[in-house]
Each structure stands twice: as C-alpha cells, then as structure tokens.
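Asks: So you can see what is in the structure, the chains are spelled out below.
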Amino acid sequence: MSEPRGAVLTGEHFMNGDVAAAEGALAVGCTFFAGYPITPATEVAERMSERMPDVEGIFIQMEDEIASMGAILGASWAGRKSMTSTSGPGFSLMMENLGLGVMTETPCVLVNVQRGGPSTGLPTLVGQQDMMQARWGSHGDYEIIALCPNSPQECFDLTIDAFNLSETYRLPVLVMSDEVVGHMTEKVVIPPEDQIARIERRITDAAPADYLPYQPEENLVPLMVAAGQGYRIHVTGLTHDERGYPEVVAPVQQRMVPRLIEKIRKNAEQIIRYESDGIAEAEVVVVCYGITSRVAQLAVEMARQQGRRVGLLRLIVAWPFPERVIRELATRIKGFVVPEINLGQMVYEVERCAAGRARTIHVPHAGGAVHDPETILARIEEASS
Amino acid sequence: MNQKAATAAGAGAGGSDTAAPPAPDVREAHAHPKDRLLRSDRLPHIWCPTCGIGTCVSSFVEAIEESGIPEERFAVVSGIGCTGRVAGYVNLDSFHTTHGRAIPFATGLHLANPKLKVVVFSGDGDLVAIGGNHLIHAARRNIDITIICVNNFIYGMTGGQLAPTTPHGARTTTSPYGNSEYPFNVPHLVASCGATYVARWTALHVRRMKQAMVAALSHRGFSFIEVIAPCSTLYARKNRLGTGTDLMKFYHDNCEVRHGANTAEIDIGFQEKIVVGKFVDIEKPTFLDRMGANLAQRRGR
Amino acid sequence: MRREIRITGFGGQGIVLAGYVLGKAASVYDHKSATLVQSYGPEARGSACAAQVVVADEPIHYPYVRGQEILVAMSQEGYDSWTEELIDGGVLLYDQDLVDAGTPPAQASFVASVPATRTAEKMGRRMAANIVMLGFLVGCTGLVEVEALREAVRTSVPAGTEDFNLSALEQGLQYAAEAVAAKGGPAKAADI
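Chains as they are written, first to last, in numbering that gives the first Met the number 0: chain A, 0 to 384; chain B, 0 to 300; chain C, 0 to 191.
Quick caveat, the hints were computed from the structure, so don't treat them as lab data. Hints may contain errors.
Derived contacts from chain B toward chain A, CB cut-off under 10 Å, selection only [what the hints assert, rightly or not]:
(1) His29
(2) Lys33
(3) Glu70
(4) Phe73
(5) Ala101
(6) His109
(7) Val117
(8) Lys272
Estimated spans, in silico, between C-beta atoms of each pair [as the list claims (entries may be wrong)]:
(9) A:Glu241 <-> B:Pro113: 29 to 37 Å
(10) A:Gln228 <-> B:His167: 46 to 54 Å
(11) A:Gly367 <-> C:Glu83: 37 to 45 Å
(12) C:Arg65 <-> A:Glu327: 31 to 39 Å
(13) A:Ala365 <-> C:Glu83: 44 to 52 Å
All values derive from a computational prediction rather than experimental measurement. Built from N, CA and C at the ideal position, the CB exists for glycine as well.
Take these sequences, add in the hints, and give me the full structure.
Replies: Following this line, the structure appears as structure tokens:
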C-alpha cells in the first residue's frame, strides 16, 4: 500500500465512470461510504474501499442496501459527507431510508448505476428504467434532485455537484448513471484541488436554547447541526414541528411537508441544468439523458446531414424536470423525440409539458443495449415530416 | 394544532385557548431530578400505565449519570414501535429512524464520529424481526455501540401482533390459536454472532438493569442488554395474565439470576422461568480497532 | 479521423486491460479522444470477452464499434464471431497459436498473426500475451505513438512488472516490424 494520495488526484486519467464517481465524491470531501456489492455499481465501492484511508475516511460494506442507506444517513448526522452506490435491486431496497433522508433533511449522495430490470433483470447490461423510481420510489410526497452523467468525466463532475446540491438543499441527491457510462473508460481530467467547488454544510450559530432544527431560512432550508455538538436535537421520520418533535396532526403535516417540496420547486431554476445543441432554429428537438444522449447526438448529426433542423436537449438534471424549456420549445417546434432505454418514463414528463402543442414521439428500448442511431433517426424523420 | 395536541404540547406553559389564568407550573414545583435528561416538554408520554418501557428509560438516565460519560456525547437511536419512541423522550441527541434500521443508522453515526456514545434503544420486533439482519451483522463486526432491547414478547404499537420473541403457545392478534413458532433466544443469538457484552434483566430489576447499562456504556465493543418488560394492555390481556403488576410479580417469582449462564440454555417458554444475569463480558478488538490495525500494518507503521 | 478496434478473447487473457492500455495511450499520452467499452459473461474466467476501443481526433459521442476496422482475435471463438464484421479494407490480427484462421476474409486489407501467447510463455509469464499483442497491433497499424503506448503500459501494469511488460511490448513491436516489412508497409486506415 502506497503513501496516502490525498482527496484530489489532480491530472489526466483514463478511468471508468464508476471510479470517476468515487473520485468526484472524494474530491468534494466525502469521507464516509457504506455500500453493498452489486453489478454494475461495484466498482464505486471497490474504489472507495481502496481510497478512503487516503482521506482518513470510513468505508464499510454493509449487510444490504437498506443498511447502506441507513448508515450514510447516520454518518451525515455525525457531520460527514457520505455516499452510497447501487443498482436496480439495491435501489429498490434503499427507497425506505431515502424517504427518511428526505423527511429528516439529511444531506447525502446515492449513485445508482442503472441496469435492466424489472427484478434481477440484466445485471451486466444497461437500462434507464429507474428514472421514475428516482422521482417517486419512496412513499409519500416529496421532491428529489437527480443528475444524469453521460461520461466518466461527468460522473466525476456531477458527483461533486450532487454533494453540493445535497448540502445546499439538505436532501439525498441521486446520481442516475447507467451501466454503459459506469463501465465505459474515458479520459477524466481532475482539476487542481483549489478549483474544486465545495459547498459546505450550513451550520447554525444559534445557542442550543435558541435553535429550532426545522425552522427554515429564507431559501426554505433549515440550518443544521451534528450530533455531539451539545444541541440535543431530535430527528424523526415522523411528521415533526420546527423543534423536530413528532406532531402527528394535520396542521403540522400541512405546514412542514409542503416545505420539503417547495424548497426544491422554488429553487428549481437554480438546480435545473441542461445542455442544448441547435435548439434555437430546430423544428424537432431530441430530449435525452445519460448514455442515450451520446447515441442521440450521432442520430442528430445524421439527420442534419439530410438537411433537417434538429436540436438536442440533454438533461443533466433530470429531477426537478426542466418544465420551462420544454413548454417554451413546444410553442415553436413540430415535435419532441425522446429516446430512452426504457419503455416510457421521462417521455411522459415531456408530453405533460408539451401539453399537446407539439408532438411527442417516444423511442423506447427494452434495455440490454443502447439504441441503434438509425432507430432514433427514423423517429426524427417522422417528427419533422 | 387541535385542542388536544395544543394542551399536550403547551402543558406547563399555560398554553390553553381559554381566558383562565395560567395554571401554576407543575414542573417547577415538582421538578424531577432527571428532568435534565428528559424532554419534559414532550410529556406525558405515549406509553400505557404499567408498561415496562418507562422503567427502562428511568434506569437509562440514571445509568447515563453514573457512567460519567459527558451527556453531549450521547446519541440515542431508535427504530419504530413503542420502545422506538424512547429517542423522542430523552434530552440527548436522538434519532427516530425507520422500522428496523436503527442499527445501521447508529453504525453510521458511530463510525463517522467514534467520540459519540451511540445507544440503540428499541423493541424486540424492531431489532430482532425486521432489523434482525442488521443486529447480527453489527454484533459480528463488534461495532462499538450499545443496544438496549426492550422485549415485551409482542408488537405493541400496532396492537398486539406476533413477535419473533413471542413464546411458543402465546396468543397474539395474529396467533389467535397460540403461537406455532419457536421464538428467538435473543441473548444467545447475539452472543453467538460475536457480541462482547450480553445481559438480560427484567423491568423489575431496576437496579441491576441500571448497573448493566452502566457496564454496557463503559464496555468497548458491541454490548447488548435485553430487558423483559410487561405489556399489560396487549400481551397480558391476550394471554389472561392479569395486569402489569401481575407480570412484575411473575418476574419476581420466576426469575433466576444466573451470571455466566450458557446462553444456549436460557430460552423463554410461555410463563416459564426466566434466566437473567450477565452472560457475556469479554474484550475483543472492535471494527475500528481492526480497521486501524490493518491499515497500520499495510503502511508498515 | 475515427478508428474502431475490437479486441476479442476469453476472460483471464487481459483483453480488457489491452483495450485499457490502448485507450489510455491514445487519450492521456497521445492527446486524442478514446473510449473503451467492454462486454463479458457472468463467468470470471473463460467466457467470451471483447473490448471495443474507439480512437479519434475529435470528441467521441457514440462509443461502440460501428464499422469494425480492426479486429484483434486472441481466441478462436472471438475470431469466428467477429471476422465477418470486418469492413472493406479492414485489418485482422490474431494469435497464431490460438486461432486457426483458415482462409482469411476477403475484405481484409491486412492480415497478420503473432505468437503472442507463446512469446509471453517463453518470457516466463503467459499473462503478458496481451501486451505482446498490443505491441503487434500498434506496430502494424500506427494507431498511437509508440512512446505513448510505452507510457500507458508503464502506468497500467502492476507495480514491479513494468520492465517485464515493456520488454513484452518490444517483442510485439518487433514481430510487427517483421510483418510490416513482409507486406511492404503498415496497415492503412480503412474508411469508416
């Protein structure tokens, strides 16, 4: 074992998306990882187990994904930036404690390297079938933030962003990678440590007697403390008041739970990110995310060679969904083409926002491989005709 | 807030809607010596009269004082259920998590800040049924946390269903003809998984229970105390065992203190003898000890 | 310029590492773009295994082989499965002791073989067959600068085995030089 390498491995690397996600986490200050092996996310855990000693961090392989998610919530309340990673079946198991993270407003990051499902499905092959589960998978009403990398470089970059968003808005943030992006190896440039954007947790400076753990600031997010700081906080998954005390009554539910949603919705414009190519003059826009965006890019180029005016809108943040840009585009284009490696998920969001003002054409794929670019091209042709 | 909740939450602060003069602060006049360690603004608690959980909490707060460990270092983690509410009543950093998941949460808290004294306070259903997998793995790893498992042989919060500790033959709302299952012998389970401190007492043994808690809090490694406690409302009623007081009397007449007993021999049969005592108290490197040693070895230090 | 390479063999031969070293040489040390995707079965050893490497001057969007320009076969199964996919003017390289090539495919413009595994065995470590093959591949095709390849080998193989692997690489480059001389010139990039 070599000497400790530090958190930020500045330089140019040839690494896969899973490893890059782990490096992004370390670079932004993650020092706690709990996980359970599962293809195709195992490489994240393996990298973390190797690297955590470099940052005086903790790696623990838990007994299952339920425990992994629980442990990172606990670690977060001890003041550390914490992460877990998983894929399909494990993502399902994490839903219960994901909800606890939302309810207790616990910053942490969950990397889901999507594979084909349902059930055990296609352990080694790609899917994008957990997008709606990411949004709605835990019971009850809530909003979530989910980012979709399309390269190992973005696995690094977006994992950093995920931590920063989780600390800013105090909730678990999802990195919705996929098997191809996770296992694909590409150049990853890790910048110098002083160029890594790090948002630290906002801690109260109020005296314990004056501190209300769930009294929100202006941005609707409360200030936090950690266990052991003398605040004697109470944190519960029950509906709770500003003190954090359980108050299982409708008025408190109506006061406290909508805020969990509003803190994301009202800040959505700051959170939402997408990348667009040629949408200003487009009559057809391909809406895509993750690995499918790279296949779609090829299809778009093929369509442009045919003289078609096609744009590409790549969701970097899938949740909250970029409603405004879709609504705006819908008023002036012929149609949206939505390729995704599932049988219909994000397309419903596009359809909802298009609201009949532009056609919405889905390009489904049951999973196990990426689309043929020609399949997407055919739907672009259909949309532009 | 409805009237009932307002009264409960505002008790002592004169928080009533009526114009009557504020009532004298009862807490002021009768301050409990352990008030500091309890969230008295949340009382009255939800537990039934003669429930054993309150007794356990009483012993626990005494044990905290006696342990000499600074109060700010404590973090109490509970799951779901009647005992799961303990976290809400102790005036310490406290976490009321999801059903069965107190131990993973506590594991994260402890590993992320080993200076914390992390105590999991939860019930038999929470820790041994839905959380059973976490229990055995935390014991196996010798995670340095303390578990207080209040075992009342039944699911209380949901109204009296079968627990993995319900004695063979006992009736519950989901075993109306008697329990057909074999219950877990919990001390034996955790001892065989690697727990380094294991004791069992009942809610009757308040002093011994407190002493065990002090020992467990001072113990380095995975410490586990099972407290057999009366559930008069459900377990006693379903099985026609009388009141909570009758159950306490039963403990008095039927407990046998046997320190160092072979945990394989301390199963609990329906209304049969209960062996109590300290069964395991050994020293063994903890998860963090072993992790530190492995790293030091690899780094040649 | 976009070059597409498929390296095939079976699990345990270091097929993916070969693709990794090639991609690293191209992207990190030769300042091109490169992607590596891999496919394999659930078995840890012995199942069919393939690495797809794309090397380009411009950013690569689609990371899969669409026109299989270069096929490297280190198993009969890999050869049988993928030879037909070679595009016109494509390049076929194989381990001569592991693959019975029969009649080489008509569309190939450059077919050459190397005793990669035998060479590595003679050197004392059969595990280095993939590195011999890499030297042969780059020597025949000029996919990346040789110095970039050397650097990628040096930084990718287990610590302590750098020198051994670099000499395996030189063996492959030597075989390539002989093949190129025999054919009157290196393999040319086919139009994909």
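Asks: Determine for every hint whether it applies to the structure shown.
Replies: We went through each hint and held it up to the structure:
The restraint placing histidine 29 (chain B) at the interface with chain A is violated, with a minimum CB-CB distance near 22 Å, outside the 10 Å limit. The closest approach between the C-beta of lysine 33 (chain B) and any C-beta of chain A is roughly 14 Å, which is over the 10 Å cut-off, so the hint fails. The beta carbon of glutamate 70 (chain B) is positioned within 10 Å of a beta carbon in chain A (closest approach about 8 Å), and the interface hint is therefore held. At about 9 Å, the closest approach between the beta carbon of phenylalanine 73 (chain B) and any beta carbon in chain A falls short of 10 Å, and the interface hint on this residue holds.
For alanine 101 (chain B), the interface hint holds, the least distance from its beta-carbon to any beta-carbon of chain A being 8 Å, beneath 10 Å. Contact between histidine 109 (chain B) and chain A, as hinted, is supported at the beta carbon level, the nearest pair being about 8 Å apart and thus within 10 Å. Interface hint status for valine 117 (chain B): upheld, as the beta-carbon distance to the closest one in chain A is roughly 8 Å, under 10 Å. Because the smallest distance between the Cβ of lysine 272 (chain B) and any Cβ of chain A comes to about 34 Å, over 10 Å, the interface hint for this residue is violated.
Distance hint check: the CB atoms of glutamate 241 (chain A) and proline 113 (chain B) are about 31 Å apart, consistent with the given range 29 to 37 Å. Between glutamine 228 (chain A) and histidine 167 (chain B) the CB atoms are about 47 Å apart, so this pair conforms to the stated range of 46 to 54 Å. Separation of glycine 367 (chain A) from glutamate 83 (chain C) is about 22 Å and departs from the stated range, judged on CB atoms against 37 to 45 Å. The hinted range of 31 to 39 Å is satisfied by arginine 65 (chain C) and glutamate 327 (chain A), whose Cβ atoms lie roughly 35 Å apart.
For the hinted restraint 44 to 52 Å between alanine 365 (chain A) and glutamate 83 (chain C), the CB-CB distance of approximately 26 Å leaves it violated.
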